[in-house]
Amino acid sequence: MRLEILMVLVMIIRTSNCQLKRRTHEFGIAPLRSGSMSTPPITNRFVARSAPQFEVLPSVDAIPDNGETWHEGTLDLSSRLATRLAWKGFEEDVNERIETEMMWVPIKVLSGHGQVVYGVLYDLRVLAGTSNCSRFEINSHTLQENHCVHYRGPQRAIFRVLVSEKSTLWNPFIPDTSRVFSTKERNVEELEEF
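Residue 190 in the working numbering is what sits at position 190 of the sequence shown, and the numbering runs on without skipping anything.
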(Lines of atoms letter the chains of each structure in order from A; the text may use other names.)
(Lines give C-alpha, C1' and ligand atoms only; values in the text may rest on other atoms or scores of the structure.)
Protein backbone atom coordinates (compact mmCIF):
# COMPACT_ATOMS: atom_id res chain seq x y z
CA MET A 1 0.00 0.00 0.00
CA ARG A 2 2.78 2.43 0.90
CA LEU A 3 4.59 1.56 -2.28
CA GLU A 4 1.49 2.41 -4.35
CA ILE A 5 1.09 5.77 -2.62
CA LEU A 6 4.74 6.51 -3.20
CA MET A 7 4.41 5.62 -6.91
CA VAL A 8 1.37 7.90 -7.27
CA LEU A 9 3.22 10.78 -5.60
CA VAL A 10 6.22 10.31 -7.90
CA MET A 11 3.94 10.41 -10.96
CA ILE A 12 2.20 13.56 -9.71
CA ILE A 13 5.54 15.28 -9.12
CA ARG A 14 6.81 14.28 -12.57
CA THR A 15 3.70 15.57 -14.36
CA SER A 16 3.69 18.80 -12.38
CA ASN A 17 7.38 19.39 -13.22
CA CYS A 18 6.62 18.89 -16.91
CA GLN A 19 3.74 21.35 -16.73
CA LEU A 20 5.89 23.89 -14.89
CA LYS A 21 8.63 23.55 -17.47
CA ARG A 22 6.15 24.08 -20.28
CA ARG A 23 4.69 27.12 -18.59
CA THR A 24 8.03 28.81 -18.00
CA HIS A 25 9.04 27.99 -21.55
CA GLU A 26 5.87 29.49 -23.04
CA PHE A 27 5.96 32.84 -21.25
CA GLY A 28 8.95 35.16 -21.52
CA ILE A 29 9.85 38.21 -19.48
CA ALA A 30 9.76 41.61 -21.18
CA PRO A 31 13.27 42.94 -21.88
CA LEU A 32 14.64 45.91 -19.94
CA ARG A 33 16.02 47.44 -23.11
CA SER A 34 15.55 46.60 -26.75
CA GLY A 35 17.01 48.13 -29.87
CA SER A 36 13.78 49.84 -30.89
CA MET A 37 12.46 50.52 -27.37
CA SER A 38 9.00 49.54 -28.58
CA THR A 39 8.43 47.15 -25.67
CA PRO A 40 9.09 48.72 -22.27
CA PRO A 41 9.04 46.42 -19.24
CA ILE A 42 5.62 45.94 -17.68
CA THR A 43 5.24 46.28 -13.93
CA ASN A 44 2.46 47.32 -11.59
CA ARG A 45 3.92 50.78 -11.01
CA PHE A 46 3.15 51.74 -14.62
CA VAL A 47 -0.51 50.85 -14.25
CA ALA A 48 -0.84 53.08 -11.19
CA ARG A 49 0.17 56.25 -13.03
CA SER A 50 -1.52 57.72 -16.06
CA ALA A 51 1.68 59.36 -17.36
CA PRO A 52 3.78 57.81 -20.15
CA GLN A 53 5.71 54.70 -19.17
CA PHE A 54 9.12 56.09 -20.00
CA GLU A 55 10.57 59.48 -20.80
CA VAL A 56 13.81 60.87 -22.15
CA LEU A 57 15.02 63.95 -24.00
CA PRO A 58 14.99 63.23 -27.77
CA SER A 59 18.32 62.32 -29.31
CA VAL A 60 20.19 65.11 -31.07
CA ASP A 61 19.73 63.43 -34.47
CA ALA A 62 15.94 63.35 -34.04
CA ILE A 63 15.65 67.16 -33.88
CA PRO A 64 15.79 69.16 -37.15
CA ASP A 65 18.96 71.20 -37.58
CA ASN A 66 18.23 74.92 -37.83
CA GLY A 67 21.90 75.77 -38.42
CA GLU A 68 22.36 77.38 -35.00
CA THR A 69 25.85 76.58 -33.69
CA TRP A 70 25.80 79.00 -30.76
CA HIS A 71 23.34 81.35 -29.09
CA GLU A 72 23.62 84.34 -26.78
CA GLY A 73 20.74 84.99 -24.39
CA THR A 74 17.84 82.76 -23.43
CA LEU A 75 17.86 79.41 -25.23
CA ASP A 76 14.91 77.86 -27.02
CA LEU A 77 14.42 74.81 -24.77
CA SER A 78 13.24 72.55 -27.58
CA SER A 79 16.04 73.47 -30.00
CA ARG A 80 18.75 71.16 -31.26
CA LEU A 81 21.38 73.30 -29.49
CA ALA A 82 19.75 72.95 -26.04
CA THR A 83 19.27 69.21 -26.59
CA ARG A 84 22.89 68.75 -27.70
CA LEU A 85 24.19 70.65 -24.67
CA ALA A 86 22.02 68.65 -22.23
CA TRP A 87 23.16 65.30 -23.65
CA LYS A 88 26.76 66.52 -23.69
CA GLY A 89 26.53 67.40 -20.00
CA PHE A 90 25.29 63.95 -19.05
CA GLU A 91 27.63 62.02 -21.35
CA GLU A 92 30.81 63.91 -20.46
CA ASP A 93 30.34 64.94 -16.83
CA VAL A 94 27.33 63.74 -14.82
CA ASN A 95 27.72 60.02 -15.50
CA GLU A 96 31.49 60.22 -15.16
CA ARG A 97 31.27 61.65 -11.63
CA ILE A 98 28.13 60.17 -10.04
CA GLU A 99 28.93 56.68 -8.83
CA THR A 100 25.55 54.94 -8.97
CA GLU A 101 25.09 51.74 -10.95
CA MET A 102 22.40 53.09 -13.26
CA MET A 103 23.28 55.96 -15.60
CA TRP A 104 21.41 59.28 -15.55
CA VAL A 105 19.65 60.59 -18.67
CA PRO A 106 18.20 64.05 -19.35
CA ILE A 107 14.40 64.17 -19.42
CA LYS A 108 13.67 67.85 -20.02
CA VAL A 109 15.61 71.12 -20.29
CA LEU A 110 13.97 73.45 -17.75
CA SER A 111 15.93 76.64 -18.51
CA GLY A 112 18.97 77.71 -20.49
CA HIS A 113 21.06 80.80 -21.09
CA GLY A 114 24.09 81.48 -23.28
CA GLN A 115 26.71 84.16 -22.65
CA VAL A 116 29.73 85.13 -24.76
CA VAL A 117 32.83 84.88 -22.57
CA TYR A 118 35.94 84.02 -24.63
CA GLY A 119 33.77 81.45 -26.37
CA VAL A 120 30.23 80.74 -25.22
CA LEU A 121 29.26 79.72 -21.69
CA TYR A 122 25.91 77.94 -21.45
CA ASP A 123 24.05 77.58 -18.16
CA LEU A 124 21.30 74.92 -18.21
CA ARG A 125 18.92 73.49 -15.62
CA VAL A 126 17.96 69.96 -16.63
CA LEU A 127 15.46 67.50 -15.17
CA ALA A 128 17.04 64.03 -15.25
CA GLY A 129 16.31 60.52 -14.08
CA THR A 130 18.09 57.23 -13.57
CA SER A 131 17.96 55.10 -16.68
CA ASN A 132 17.74 51.43 -17.55
CA CYS A 133 21.42 51.39 -18.60
CA SER A 134 24.06 50.13 -16.20
CA ARG A 135 27.49 51.70 -16.12
CA PHE A 136 28.91 48.16 -16.06
CA GLU A 137 27.35 47.41 -19.47
CA ILE A 138 27.84 50.57 -21.54
CA ASN A 139 30.06 53.63 -21.83
CA SER A 140 28.56 56.98 -20.78
CA HIS A 141 29.29 58.43 -24.24
CA THR A 142 26.89 55.93 -25.87
CA LEU A 143 23.69 56.74 -23.95
CA GLN A 144 21.82 57.89 -27.07
CA GLU A 145 22.99 55.00 -29.26
CA ASN A 146 21.88 52.45 -26.64
CA HIS A 147 18.41 54.03 -26.31
CA CYS A 148 18.75 54.59 -22.56
CA VAL A 149 15.50 55.91 -21.08
CA HIS A 150 14.10 56.83 -17.66
CA TYR A 151 11.20 54.64 -16.59
CA ARG A 152 8.62 56.39 -14.43
CA GLY A 153 9.19 55.66 -10.77
CA PRO A 154 12.95 55.58 -10.12
CA GLN A 155 14.92 58.55 -8.85
CA ARG A 156 14.74 61.96 -10.57
CA ALA A 157 16.72 65.13 -9.88
CA ILE A 158 17.42 68.62 -11.22
CA PHE A 159 20.98 69.25 -12.42
CA ARG A 160 22.72 72.51 -13.25
CA VAL A 161 24.98 71.98 -16.26
CA LEU A 162 27.61 74.52 -17.36
CA VAL A 163 29.10 74.02 -20.82
CA SER A 164 31.89 76.23 -22.17
CA GLU A 165 32.58 75.94 -25.91
CA LYS A 166 35.14 77.55 -28.20
CA SER A 167 35.25 76.85 -31.93
CA THR A 168 37.53 77.47 -34.89
CA LEU A 169 34.38 78.56 -36.75
CA TRP A 170 34.44 81.76 -34.71
CA ASN A 171 38.20 82.33 -34.73
CA PRO A 172 40.72 80.25 -36.70
CA PHE A 173 43.40 80.81 -34.04
CA ILE A 174 41.35 79.21 -31.24
CA PRO A 175 41.32 75.39 -31.17
CA ASP A 176 38.01 73.57 -30.73
CA THR A 177 37.58 73.04 -27.00
CA SER A 178 34.75 72.43 -24.60
CA ARG A 179 34.46 71.96 -20.86
CA VAL A 180 31.50 70.65 -18.92
CA PHE A 181 30.75 71.02 -15.23
CA SER A 182 27.57 69.94 -13.45
CA THR A 183 26.05 69.95 -9.99
CA LYS A 184 23.00 68.21 -8.61
CA GLU A 185 20.63 70.90 -7.29
CA ARG A 186 18.03 68.71 -5.63
CA ASN A 187 16.09 65.46 -5.81
CA VAL A 188 12.58 65.55 -7.27
CA GLU A 189 9.54 64.00 -5.59
CA GLU A 190 7.82 61.18 -7.49
CA LEU A 191 4.57 63.05 -8.22
CA GLU A 192 6.19 66.45 -8.89
CA GLU A 193 5.44 67.61 -12.44
CA PHE A 194 7.31 70.03 -14.72
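By construction, these hints were calculated from the structure, which means they are not laboratory data.
Accuracy of the hints is not assured; some may be wrong.
Capping the alpha-carbon separation at 25 Å, the derived lysine-lysine pairs in BS3-like fashion look like this [to be verified]: (1) K88 x K108; (2) K108 x K184; (3) K88 x K166; (4) K184 x K88.
Just so you know, these numbers come straight off a predicted model, no measurement behind them.
Okay, the hints, checked on the actual structure:
As the CA atoms of K88 and K108 are separated by approximately 14 Å, the hinted pair is consistent with the 25 Å bound. Of the supplied pair hints, the one linking K108 and K184 holds, its CA atoms being roughly 15 Å apart against a limit of 25 Å. Of the pairs offered as hints, the one joining K88 and K166 holds, with about 15 Å between alpha carbons and a cut-off of 25 Å not exceeded. A hinted pair counts as satisfied when its Cα atoms are at most 25 Å apart, and K184 with K88 qualifies at roughly 16 Å.
The structure is consistent with each of the numbered hints, conforming to all of them.
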